[in-house]
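Hey, can you work out the whole structure from these sequences and the hints?
With numbering that gives the first Met the number 0, the residue at position 735 of the sequence shown is 734, and numbering never jumps.
Worth flagging that the hints you see were computed from the coordinates, not collected in a lab.
Warning: the hint list may mix true and false statements.
Subject to a maximum C-alpha distance of 35 Å in a straight line, what follows is the list of computed DSBU-like cross-link-like pairs (lysine-lysine) [as the list claims (entries may be wrong)]:
no., residue 1, residue 2
1, Lys634, Lys406
2, Lys549, Lys511
3, Lys912, Lys647
4, Lys1055, Lys1074
5, Lys513, Lys549
6, Lys52, Lys123
7, Lys49, Lys123
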Amino acid sequence: MTFRFAALALALAAGPLAAAAASPATVDFNRDIRPILSDNCFACHGPDEKARKANLRLDVRESALAPVKSGAVAIIPGNASQSELIKRITTKDADDVMPPPKTGKKLTAAQVESLRRWIAHGAKYQEHWAFVKPERPAVPAIRNPKSALRNPVDNFIVDRLQKQGLSPSPEADRETWLRRVTFDLTGLPPTLAEIDAFLADKSTQAYEKVVERLFASPRYGEHMARGWLDLARYADTHGYQMDQARTMWRWREWVIEAFNRNMPFDQFTVEQLAGDLLPDATVEQRLATGFNRNHLITIEGGVIDEEYRTEYVVDRVTTTATTWMGLTMLCARCHDHKFDPLTMRDFYGMFAMFNQVPERGIGGFAPQLKTPTKAQEAALAQLDRDLAATQSAHEAAAKSLVPEQAKWEATFAAAKAEWQVIEATGLKSTGGATLTKQDDQSLLVSGKNSPHDTYEVTARTALTNIAVVRLEALTDASLPNTGPGRFNNANFVLSEFELEAVSIAEPQKKVKVKFASAQADYSQDNYNIAHTIDGKPGTGWAVDGPTRNKDCTAWFYPDKPFGFPGGTELRFALRHETIGGHGIGRPRLSISTSAGPQEAEIAGLVAVPREKRNAKQAERLREVFLARHASPGMKQLTADLAASRERKKQVEAAIPSTMIMQDMEKRRETHLLIRGQYDKKGEKVEAAFPAVFTVAADGRKLAPNAKPETSNAKPDSGAPPSRLDLARWLVSPDHPLTARVAVNRIWEHYFGTGLVRTSENFGVQSEPPSHPELLDWLAVELMRPQSRPSPLSMNRSPEHPSPALRAPSPLLGGGERDGVRGALPSGSKAEIAAGGGTLVPTPQTSPLAAWDLRHLHRLIVLSATYRQSSRVSPALLQRDPENLLLARAPRLRLSAEAVRDNALFLSGLLVEKVGGPSVMPYQPEGLWFELNDRAGYRMDYVQGRGPDLYRRSLYTFWKRTSPPPTLNLFDAPEREFCVVRRSRTTTPLQALALLHDPTYVEAARHFAERILTQGGATTDERLTFAFRTATARKPTAAEAKVLRASLEQQLTAFRKHPESAGKSLKVGESPRNEKLDAAEHAAWTAIARMILNLDETITKG
0 MTFRFAALAL
10 ALAAGPLAAA
20 AASPATVDFN
30 RDIRPILSDN
40 CFACHGPDEK
50 ARKANLRLDV
60 RESALAPVKS
70 GAVAIIPGNA
80 SQSELIKRIT
90 TKDADDVMPP
100 PKTGKKLTAA
110 QVESLRRWIA
120 HGAKYQEHWA
130 FVKPERPAVP
140 AIRNPKSALR
150 NPVDNFIVDR
160 LQKQGLSPSP
170 EADRETWLRR
180 VTFDLTGLPP
190 TLAEIDAFLA
200 DKSTQAYEKV
210 VERLFASPRY
220 GEHMARGWLD
230 LARYADTHGY
240 QMDQARTMWR
250 WREWVIEAFN
260 RNMPFDQFTV
270 EQLAGDLLPD
280 ATVEQRLATG
290 FNRNHLITIE
300 GGVIDEEYRT
310 EYVVDRVTTT
320 ATTWMGLTML
330 CARCHDHKFD
340 PLTMRDFYGM
350 FAMFNQVPER
360 GIGGFAPQLK
370 TPTKAQEAAL
380 AQLDRDLAAT
390 QSAHEAAAKS
400 LVPEQAKWEA
410 TFAAAKAEWQ
420 VIEATGLKST
430 GGATLTKQDD
440 QSLLVSGKNS
450 PHDTYEVTAR
460 TALTNIAVVR
470 LEALTDASLP
480 NTGPGRFNNA
490 NFVLSEFELE
500 AVSIAEPQKK
510 VKVKFASAQA
520 DYSQDNYNIA
530 HTIDGKPGTG
540 WAVDGPTRNK
550 DCTAWFYPDK
560 PFGFPGGTEL
570 RFALRHETIG
580 GHGIGRPRLS
590 ISTSAGPQEA
600 EIAGLVAVPR
610 EKRNAKQAER
620 LREVFLARHA
630 SPGMKQLTAD
640 LAASRERKKQ
650 VEAAIPSTMI
660 MQDMEKRRET
670 HLLIRGQYDK
680 KGEKVEAAFP
690 AVFTVAADGR
700 KLAPNAKPET
710 SNAKPDSGAP
720 PSRLDLARWL
730 VSPDHPLTAR
740 VAVNRIWEHY
750 FGTGLVRTSE
760 NFGVQSEPPS
770 HPELLDWLAV
780 ELMRPQSRPS
790 PLSMNRSPEH
800 PSPALRAPSP
810 LLGGGERDGV
820 RGALPSGSKA
830 EIAAGGGTLV
840 PTPQTSPLAA
850 WDLRHLHRLI
860 VLSATYRQSS
870 RVSPALLQRD
880 PENLLLARAP
890 RLRLSAEAVR
900 DNALFLSGLL
910 VEKVGGPSVM
920 PYQPEGLWFE
930 LNDRAGYRMD
940 YVQGRGPDLY
950 RRSLYTFWKR
960 TSPPPTLNLF
970 DAPEREFCVV
980 RRSRTTTPLQ
990 ALALLHDPTY
1000 VEAARHFAER
1010 ILTQGGATTD
1020 ERLTFAFRTA
1030 TARKPTAAEA
1040 KVLRASLEQQ
1050 LTAFRKHPES
1060 AGKSLKVGES
1070 PRNEKLDAAE
1080 HAAWTAIARM
1090 ILNLDETITK
1100 G
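This is how it looks when you write it as structure tokens:
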């Protein structure tokens, strides 16, 4: 752990950033002392009780001031020389010195002096700054400001700069600011038309207009979603060794839409953590909970189910704690946290809230939810209307035929097929089970239940022309839960149904019966009867044993009748190989000669008394009757009805299923896991919040681990807190961390570094904030805004009303928001506009929206701090090399996704379709095969075609074990776990990728086409167009000279070698503009590649 800024603040002899450290009176526990103790002492003298030495805690004042067993006192306020702490850190005795030499740690002279002065001045402790509820600090008054102060953000920044004897940098030119803000809010550059329009807009609200335009673009939600996907460890595969595909893109769509709708962050939080627990939860609210189903899931054989299920729950706890609280809670899985006041009991208290999902460790994909897209919802609504109209006409016409159908059924029943029940002459179980023949000729299976078992049944028959075989799976009191399956959940999975027919008279004559089709009266989802004749042992027929417990029947139809004159020996094989221990418990076999596929089915339906038929059976009989006996007009209506149903079925089949959170009806017990091991259970633990944060959602202080009365459960129900309680607690106005963590990430998004550099860790080991007052002001402003937004931001159409105008939300427990959003003033413009029309509120009557993320974005991007130039003088660079004081704007490389999207956008290739499944653009062949070439589990990368090659990188298929290589090269993570901060590297490979990756070569070719067709008639006009399109500014004379010389060189070479020109223009699948001269096109493509590879092109500054 590094403490770059903290070290500057601590060092007595440090340079200009040592914040007023010259006076002893300025020694501050949180700023100066806690980092020293945390880094050097807390591992042995901190929160972790089991690791604690000498029963001494230095993180708690009462313990630090109390005598230990030897009688020594670590800290004696006012008497540093007699304090054992000072003696130990200054002694030369290797046996007594602290920290012990074996730790490799040693305090600096400045740190020792800081501790000495702190003790001498009373050794005052403070709560860790991040664990104290943020209060709104006063905005500093700036005397004689040398630059504009556009909102309170600037006051805090300039106040700090003035104390350091510094001033803000000059304002960046308009082109630079526009390019910067457009990338920051949308991930794409501005167009030349947008640049020119902004430069021409001389109004006082020109900057505000740009920001509101960018907010209104769907690109905004796509760009903001990128960072959230990192936090949520979103990917399109399950991870681990097999790393098979999953369907979670509908959750990604939810995130994009939430940002584009400007969903308040409290609602955004509650719906993702507990949308399923909200009253009357919608499909979208349940879909939102996919946040905590994005973790890795294994499908590997041989792993221990509970071990991996435990890992999934652990992942949810740590991801939630990191994302919303900035805490390294995983450190408390195996022992109490060594630095933060988080115990194992705290960890497993949260674990219990996420431990209620009815999932498995192996293939734990349930629960899932059908999540139709808006297009699918619209299509289904239209199909339902069409179907209702067709069905109404059909039913009206069919009523007159009811008596005739009854007569037909009676006639059919009288002529129904005769079934010959098989009387077995030979029985065998390859798995060692016992098959016992019953009086009704069924076979009761008992004894050993092997993982894989095949029932071999032999019988004889004199029938020939056998047209159908019937298999009944019967229930029995001796079976688990009466069956019909042998597994403990009463289900079975029949992998294959096979039959060999052998002539009794001439045994050398035999035939393996090939079944053309199969039908069943019931099949479980994804386990259709057809799987029993597909030749694949990994599939099978199942019948929802745990919920049905009913007899089931299947019919198998051969491709042609069979049976030998003189008798036939029938050799049946019922294979159970799909899932271990899932054999049929009591099968019975029959054959018939007179029942074709449909006749056998209808005979079975007619045999059911009319009053006992279900709707599906009655409908099927009516279909057959009408098909055979109805008039042409009636048959057309029947065909229309069938077609409507088929169309609806096809749409429904295409609806994606997404993993969601859902609690079991009976709560699963949670225990402390000794050393974090899944099978080493300690004492039972109830769901609870970390004791250090005992704050209810209404702001009340609670006893440790008490339950806030904010859930649907009654206060006296005794129920432990749920995920819904947790979500509401996190967005309580009194929670010390959530708002700070959120605004810090937003700040980091713009400036590259958060106000707290360790944005993933706000615990004791975190770096202190560079601007603590600004951090707290922004946090409170997010929760309880007071700073007036731009008037433009308050013009909202009724289609997207301000969140402030929503009815009181049940998300936070219902009722008023205690001033967070508040009621609308009676008769105000806001109240009137809530019912329709355009809202243009006045400052006196317009409530600001709580938890409005755009409000924070707006404050930052419209601040003078953000509008500074990124140019830095040598003197400023020496004073503040890492720009911690923000005396200039940062200069940062674009994110991996923005680098690629920028190239596609500049070329005109970018396809801006919002949402949808992930796509597979260009990628080197064989990468996935190298990772997993196991038959049946290998995934092949099937490169997309057409628009799929040019979608935004947000939609690129993300395989965890092999993330998109070029994106990974630019520091995109694997997304196996929650990532708060991406690393930022610069390597030669990145330049090589920009020059040679097909995406960028093809983009350069199309950029060259734009230059030639849109850039003007002369070379200088075209060079200016190209350079300005990519960088938002005109090239200098020197830059233009280099580009012109390069162009001439390339043009000469390609005219001399036309075959090279043709080859260079063939990269990529998009067609080339054949009207352009090949040599000229190739030369400009080379210039385009050069421009796309410029630092300035892939940097915002």
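Going through the hints against the structure:
Taking the CA atoms of Lys634 and Lys406, the gap is near 19 Å; set against the 35 Å cutoff, the hint holds. Proposed proximity of Lys549 and Lys511 is supported: the alpha carbons are some 31 Å apart, at most 35 Å. As the CA atoms of Lys912 and Lys647 are separated by approximately 25 Å, the hinted pair is consistent with the 35 Å bound. Among the hinted pairs, Lys1055 with Lys1074 is consistent with the structure: their alpha-carbon atoms are about 20 Å apart, no more than 35 Å.
Restraint check: the Cα-Cα separation between Lys513 and Lys549 comes to about 28 Å, which is no more than 35 Å; the hinted pair holds. The straight-line distance between the Cα atoms of Lys52 and Lys123 is roughly 23 Å, inside the 35 Å bound, and the hint therefore holds. Between Lys49 and Lys123 the alpha-carbon distance is near 27 Å, which keeps this suggested pair within the 35 Å criterion.
In this structure, none of the earlier numbered hints is contradicted; all agree with it.
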